[in-house]
Every structure is written in C-alpha cells, then in structure tokens.
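2 protein chains.
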Amino acid sequence: MSTNSGETRPVIVQKYGGSSVADAAKISAIARKISDRAETGASLVVVVSAMGDSTDRLIEMAREVSGGRSPEARELDTLLSTGELVASTLMAMAISSAGHPAVSLSGQQAGIRTDTTHGSARIADIDVARLRRELELGRICVVAGFQGLADNEDVTTLGRGGSDTTAVALAAALDAERCEIYTDVDGIYTADPRLVPSARKLAEIGYDEMLEMASLGAKMNPRSIELAAVYDVPILVASTFEDVPGTLIHGGPHMMEVRRAVTAVAVERDVAKITVRAVEDRPGIVSQIFVPLAEAGISVDVIVQNASLEGLTDVTFTVSKADFERTLDLTRQTCAEIAQDVVGNAGLAKVSIVGTGMQNGPGYAATMFDALSSSNVNIEMITTSEIRITCVIASSSVKKAANALHSAFELDAVDV
Amino acid sequence: MSTNSGETRPVIVQKYGGSSVADAAKISAIARKISDRAETGASLVVVVSAMGDSTDRLIEMAREVSGGRSPEARELDTLLSTGELVASTLMAMAISSAGHPAVSLSGQQAGIRTDTTHGSARIADIDVARLRRELELGRICVVAGFQGLADNEDVTTLGRGGSDTTAVALAAALDAERCEIYTDVDGIYTADPRLVPSARKLAEIGYDEMLEMASLGAKMNPRSIELAAVYDVPILVASTFEDVPGTLIHGGPHMMEVRRAVTAVAVERDVAKITVRAVEDRPGIVSQIFVPLAEAGISVDVIVQNASLEGLTDVTFTVSKADFERTLDLTRQTCAEIAQDVVGNAGLAKVSIVGTGMQNGPGYAATMFDALSSSNVNIEMITTSEIRITCVIASSSVKKAANALHSAFELDAVDV
Numbered sequence: 001m002s003t004n005s006g007e008t009r010p011v012i013v014q015k016y017g018g019s020s021v022a023d024a025a026k027i028s029a030i031a032r033k034i035s036d037r038a039e040t041g042a043s044l045v046v047v048v049s050a051m052g053d054s055t056d057r058l059i060e061m062a063r064e065v066s067g068g069r070s071p072e073a074r075e076l077d078t079l080l081s082t083g084e085l086v087a088s089t090l091m092a093m094a095i096s097s098a099g100h101p102a103v104s105l106s107g108q109q110a111g112i113r114t115d116t117t118h119g120s121a122r123i124a125d126i127d128v129a130r131l132r133r134e135l136e137l138g139r140i141c142v143v144a145g146f147q148g149l150a151d152n153e154d155v156t157t158l159g160r161g162g163s164d165t166t167a168v169a170l171a172a173a174l175d176a177e178r179c180e181i182y183t184d185v186d187g188i189y190t191a192d193p194r195l196v197p198s199a200r201k202l203a204e205i206g207y208d209e210m211l212e213m214a215s216l217g218a219k220m221n222p223r224s225i226e227l228a229a230v231y232d233v234p235i236l237v238a239s240t241f242e243d244v245p246g247t248l249i250h251g252g253p254h255m256m257e258v259r260r261a262v263t264a265v266a267v268e269r270d271v272a273k274i275t276v277r278a279v280e281d282r283p284g285i286v287s288q289i290f291v292p293l294a295e296a297g298i299s300v301d302v303i304v305q306n307a308s309l310e311g312l313t314d315v316t317f318t319v320s321k322a323d324f325e326r327t328l329d330l331t332r333q334t335c336a337e338i339a340q341d342v343v344g345n346a347g348l349a350k351v352s353i354v355g356t357g358m359q360n361g362p363g364y365a366a367t368m369f370d371a372l373s374s375s376n377v378n379i380e381m382i383t384t385s386e387i388r389i390t391c392v393i394a395s396s397s398v399k400k401a402a403n404a405l406h407s408a409f410e411l412d413a414v415d416v
Numbered sequence: 001m002s003t004n005s006g007e008t009r010p011v012i013v014q015k016y017g018g019s020s021v022a023d024a025a026k027i028s029a030i031a032r033k034i035s036d037r038a039e040t041g042a043s044l045v046v047v048v049s050a051m052g053d054s055t056d057r058l059i060e061m062a063r064e065v066s067g068g069r070s071p072e073a074r075e076l077d078t079l080l081s082t083g084e085l086v087a088s089t090l091m092a093m094a095i096s097s098a099g100h101p102a103v104s105l106s107g108q109q110a111g112i113r114t115d116t117t118h119g120s121a122r123i124a125d126i127d128v129a130r131l132r133r134e135l136e137l138g139r140i141c142v143v144a145g146f147q148g149l150a151d152n153e154d155v156t157t158l159g160r161g162g163s164d165t166t167a168v169a170l171a172a173a174l175d176a177e178r179c180e181i182y183t184d185v186d187g188i189y190t191a192d193p194r195l196v197p198s199a200r201k202l203a204e205i206g207y208d209e210m211l212e213m214a215s216l217g218a219k220m221n222p223r224s225i226e227l228a229a230v231y232d233v234p235i236l237v238a239s240t241f242e243d244v245p246g247t248l249i250h251g252g253p254h255m256m257e258v259r260r261a262v263t264a265v266a267v268e269r270d271v272a273k274i275t276v277r278a279v280e281d282r283p284g285i286v287s288q289i290f291v292p293l294a295e296a297g298i299s300v301d302v303i304v305q306n307a308s309l310e311g312l313t314d315v316t317f318t319v320s321k322a323d324f325e326r327t328l329d330l331t332r333q334t335c336a337e338i339a340q341d342v343v344g345n346a347g348l349a350k351v352s353i354v355g356t357g358m359q360n361g362p363g364y365a366a367t368m369f370d371a372l373s374s375s376n377v378n379i380e381m382i383t384t385s386e387i388r389i390t391c392v393i394a395s396s397s398v399k400k401a402a403n404a405l406h407s408a409f410e411l412d413a414v415d416v
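Protein sequences, first through last, are from chains A and B. If you count by my numbering, then the first sequence holds residues 1 to 416, one letter each, in order. If you count by my numbering, then the second sequence holds residues 1 to 416, one letter each, in order.
It should be emphasised that the hints constitute simulated quantities derived from the structure, not laboratory data. Some hints could be false.
Treat identical chains as interchangeable: a pair holds within one or across any two.
[Stated by the list, open to error] Calculated pairs, SDA-like style, for lysine to any residue (alpha carbon to alpha carbon, straight line, at most 25 Å):
#: 1; residue 1: K26; residue 2: S66
#: 2; residue 1: K26; residue 2: G67
#: 3; residue 1: K26; residue 2: I59
#: 4; residue 1: K26; residue 2: G99
#: 5; residue 1: K26; residue 2: T55
#: 6; residue 1: K26; residue 2: D56
#: 7; residue 1: K33; residue 2: P292
#: 8; residue 1: K26; residue 2: D53
#: 9; residue 1: K33; residue 2: R63
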C-alpha cells in the first residue's frame, strides 16, 4: 500500500447528452456538480455530446450547400465532430471555472481509433496513455463524444447516439468502476412516459433486455449496451439535474430472479421502409440489394421477403429515417435492371414488447396482435427475437399502440 | 515535356473571409466560382475563415461558462478552431456539389505545425505531402484557416486574421503562383471607404507600405504581409462577389517608380492603452513589466515612457482590445510591488499615414498634427516608423481624423 503517485483511484466515466449541455447555464451547472464529485476522490472522465440541436443545425447546413445531393460522408463526419468539440471545450472551461483542473480531449486526443466507415465508424482501439497521464495530473478529462480518428488521419463519427458508445468504450478501456449516463429522463421506464402516462421507472434491468429496447425514453444506443455487456461495465442511467435514483443496467445474477414476462414496451420512431417490387426470385438477388447498402455503411434492420409469385417476389426492409433518401437512391440504382419498382415510406415506427421471461412462454405474440388490432393499429411488418416481439406501424399510431400494449401486459401495475 | 501525372500545374491559393462564407447561399455561390476556376487548369488550395460572426459567438459562449475568468487559452483554441472546420467542410461539400472533386483539410491534416503559444501561435513548419497528394488526385483542397497543431498534439490558433497567414504560408510552402485574398471589399484603398467617402482604390501597393497599413478596409493581417514579403508571394486582394480588378500587393521593382509621398491613411480600431503609473525608474523594470506579457503571448504595440520625476516614471503601452482585460490583470499582478497604480482605457484607435516617399521628406508629421488639431482631435500617443506616422486617438474621433488626413495629404485626388 502506498499513498504516492503510484496509487490508482477508481475511475468513473460520466456522459452528458445534448439536452443536458444545451446552453451555457446548463454547462456551468453540470460543471459544478462534476467538480464537487471529483472532490470525493474519483478520477473522472466526462464524455459530452453536442449542445442541444447543434448537430441538426450542422446537418441542415450540409444539406443546403449540397444542392439536393447527399453530403459526402467524410466531410459530414468532420463537420459533425465540431459539435462535440465545442461542448467539450466549454465544459472543460466551466469545470476549471468551478474550481477543478480540467482538460478537453478530442476523440483523437483521447486515443480513439476507428475503422473508416464514415457516419457509423466502429472503434478499433483505444490508446488510453494520454487519458491516464491527464488523470494522474489530477485533471478531469472532458472527452468529445461520438468521434474518433481513422488510420488515414481522417475524422470519423460513431453514428447518432455515438457518445454513449464513447463513454462505455472508455469505461471498458480504463477499467472504470462504472459508466454513468446522465440525460433528461431519470431512468429506464416500462414505456416512454411521454407516450404512456402510466409508465413506471425500473430500478434495474439486464443488458439483454436493455439491448432490445433501443429507445425507451432514455434513447440508449444499442451498440453501447452491447459493449457494456461484453466488457461487463455497469451503466447507471440517471437524471442530469434531478437528484433521484436512476436505473442500473447490469448483468448481475440476481437479475435472473426478478425476471418478468414482459418488462417494457419499446418504441422507435423515425423508421423508414423500402420495398423492392417484383424482383426476380433467384439465388444471389438479395445480396445484390444489400451488399451495396452495407458498403455504404447503411444499417438495414427488419427484412421481409414475400412468397414468390411467377418467379417474382417483393423484398421489404427498414432503415433509419436519416438513411432513407440515400438508401432509396442506392437501391433504385442497384435494382434498375432486376426489379419492377422501388418504393419507400419514411413515416413509420416500431413498437416492441421486451422481456427475458417471454422466451419460454406462449401467447405473447397473440396478445400483442390482439391489443393492436383492438386499437385499430395496422401492422405493416413483424419481427421477433428470443426476448422481443416488434411490429412496424404508422408513426401516427405510436401513442395508442404503446398505451394499448402497456395495459395489455399489465405494466401499469408493475412493482418496481 | 510530358502530359502524365509527373506534370505540375500552377498552384493558386485562395482565401475567403468570414463575411464571404457567412451563409449556405454564399458558400454555394463561391463554390461555383471555385469549381469554374479549377476547370481552367490551376491546382487550387482554398483557405476559409469561420462563417460570419461564428467566432464571436464561440468567444461569447466561452466567456459565459468561464464565470468572469478568462477562458483557458488551450481550450479556447480548440473551441475556435471548430469555426473554420465547419466552413471548410461545408465548402468542400459545396464544391463537390458544383461538380469538382474537393476535400476539406483541418490545419493538422494540411500539415501546419506551430509552436505552443495558444491564441497567437506561429507556424513552425508545413508538411505539404498530403496537400500535394490530394492536388495530384485532381481535388481542390479546402483548408481550415487560422489553425495548426503543436508538437504536443494540441490544437493552436494563429490569432485573429490568422486565415490570411494560413493562406500566404501555404502559398509559400507550395511555391504557388500567387495568393488571392477574397473579401467584402474589392481592394486596398487610400483610406477605409466606410470612414472616408472620397477614398480611392489602389491598383498596386508594396509589401512594406501594406505592412504598415494593418487595417485599411481590407483588414489584412500584418503577419501574412510580412510572410509574403519574405517568400515573395504576390497577393491579390479582391472582391468575393464583384468581378472588378483588385489590388496587387507585391515587391516588384516598378513599385519604386510610382512611389507616392503618402499612399494612404490607415485606421486601426480596438486599441487599448495601459498606463503603469509612478513606477520606479531603474534598470530592468521595463522587462519586469513586458516579459510576463510576452510569455502570455500578448502583443504589445506602441510603448511610451515619460521622463523620470523623482525616480518615478509612467510607462504607457497599447495592446489589442481583445487582450485588454488579460493584460490589465497580468500587469496589475506584475506591478503590485513596483508601481503606484495601473490604469487602462480600451476605447482607443490608431490613425496613421503611410507611404514609402515619406522617409526622405520633411514636414509630414507637422502636417499630420496640424490636420488633427484643426479637427479638434486629441492625440494621446505618437509613434513613427520610416514610412509611417501613427497617432493614438479616441475611438470616437476616428472618422473625422481619417477624413482630415485624407484631405490634408491630397489623397482625394490621387490617380490610381
């Protein structure tokens, strides 16, 4: 045991989302809390997102100058990375002003190396040497989330919600005690409280359930949950400004004992559907559609292929609304020779029921479809996993669908 | 002679200021001109400043989060560098959209290495390897002005107007044919036309004269002129949007023949004055005041020391208004023990007459003082060089002073 500089203090990684750092007053308020927390002895690494709607404003400018074309992904990445640089430098200044030494680090400076998939790069490696050096100097490190550097020295971004990934990856690389995600909701709920007034907060939830609930009010990034599960990083989701208990996402064994049949209703908006009509039904045709999308870094979610009629079939798949136009363009090019038509609809959403208890129990799908049908919600597509059933529906039906399911699975009464 | 890739085309470096790229429409309009210009066969490197008043907005945010303290220079540099990153990526997107391949490069990616003087770093070296590589691929390189990278991998900025320095330094490093500075005025005038309605545009001007006229409507950065003179880079100052002849700044021998007695009246606003009152008049005392300022990267301009009275003297010096508070704080610390008082005034300006013909002719100073006195302009400080006489006056007197001098030296009638 020694008390000299060789001693390592526990590392906590915190992440603050865009709405938490939306203006100077909020940044200053958070900075004071962070500074106070540092006085308790923890080594703090703080990951920040871009302020408020600044990312949306940058995307809008990119569209304006691109005259109808999709902005180049490489340029868009450097452009968007500036939002987090602004937030991280302002936060470092505010923490210093609140009384604790702090230093901002870009993704590059924080040692985050990625592949070259602009727009949704994957972290390849984190060199924590500089972070460790700054922490040893007693500084709070404020890291610009969402970004990294590719081997060709070009800036990359990790996709929307990428700051969560940055935080969890840094927590894993630094062997942190835990990762704390601060946001404008105070935890994970049985449904988005803005949609379902009777939704209740969960005290804890397993990685696998959370992974299925891409968006439950807390808008956690699935990649970050996956990463947390792999490296066993406990994540606390809590309110930035209210001092109330949050929800702990972890993989502890006691999670098995509190298993519920259906834990929550998840909603994902901004879903777009692309249908390739009357495509020839022969081997290789599906890869001909999807390989170019993968190469363009577009994530395809649900894929449905109808039964073949006279050697022709319809292939329908969903992408995020943000990728809709790019996907439609690309798919039309790809399918010009092999399909009759490519059509799309960007006004969709996904509503899901999630729960580890579902995997051995029957009847959940039937109950779900019945509840939606009783509420006059039309189901456009269906997809399932072991612990989830998802229906794609019209975006306009999201609210009544979520409430109907929350009641049907008796989540209003769940004891948390 | 060969037409293969070994052929080198002439390189032109262009620079567009903040008002030229203030919004998406302006960026798109410039992008079309740049794309057209590239079709004429030149290899183009385009340096851009931050959009419109975005730098001011970033500084304002930094102040807000710093709670009355000066924001840390290291953090401020990374923060401000984002303004040029935004402009450069949007410009690259717009040029691509206009039909010519383009790539944005940050200061770091453009190979610009600097010392570590945050806020006013000096370029130490430029590695043009990547620029050359991109140009050989037929791409227009859009470089984020105003910024570089220090050896410790921290982002630095070159000070206000630093994008001019970036442009001229790149022109020198690339052995460019010339550097074109596009701005919201269409050349260098005998005085700022916004102050002096009878001001006339000059077709050409020498480096030495231009160097003295830090701000003549074109707001050229003196460091960039100095750099251009050393590397003999001709600079064209011209209008971004109007297609009219600009002013060529160069060192050609014919400049000697068109030498005028007084070429122009220069005005520099945003001057601040610091007076150290009743300081002990002994050797070493002046360096005790100025060494800490130099170490803090603060440029001191005019220095005046009054005659000693009873072993005490007053030392007055000017700094830019932007450095005023920092300088006042620092000087008060430095002089706490050795002077009676430190006072300051940030509401000043400099008005100068400039001309290579002045160096051998008498009477220019007398004419200048007489003209100012006749207009009831009080002179606070006086400083001269071989080809310039400068008076520090109240900011509020700038307009009448400039007009009085423009008339007194018959610049209204100059034939350009």
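Results of checking the hints against the structure:
1. Taking CA atoms no more than 25 Å apart as the test, K26 paired with S66 passes between copies only; the shortest distance there is 13 Å, against 33 Å inside one copy.
2. In this homomeric assembly, K26 and G67 come within 25 Å of each other (Cα to Cα) only across copies, at 13 Å, whereas the closest approach inside a single copy is 36 Å.
3. When the C-alpha separation of K26 and I59 is checked against a cutoff of 25 Å, the pair qualifies both within a copy, at 24 Å, and between copies, at 17 Å.
4. Taking the closest pair of Cα atoms, K26 and G99 come within 25 Å of each other only inside a single copy of the chain (17 Å); across copies the shortest separation is 43 Å, beyond that limit.
5. Proximity of K26 and T55 under a CA criterion of 25 Å is satisfied in both settings, with 18 Å inside one chain copy and 21 Å between copies.
6. Proximity of K26 to D56 under the C-alpha cut-off of 25 Å is found in both arrangements, the shortest distances being 19 Å within a copy and 20 Å between copies.
7. Within a single copy, K33 and P292 get their C-alpha atoms no closer than 47 Å, and across copies no closer than 34 Å, so neither meets the 25 Å cut-off.
8. In this assembly of identical chains, the alpha carbons of K26 and D53 lie at most 25 Å apart whether taken from the same copy (14 Å) or from different copies (23 Å).
9. In this assembly of identical chains, K33 and R63 lie within 25 Å of each other by CA distance solely across copies; the values are 19 Å between and 38 Å within a copy.
In summary, the one numbered hint that this structure violates is 7.
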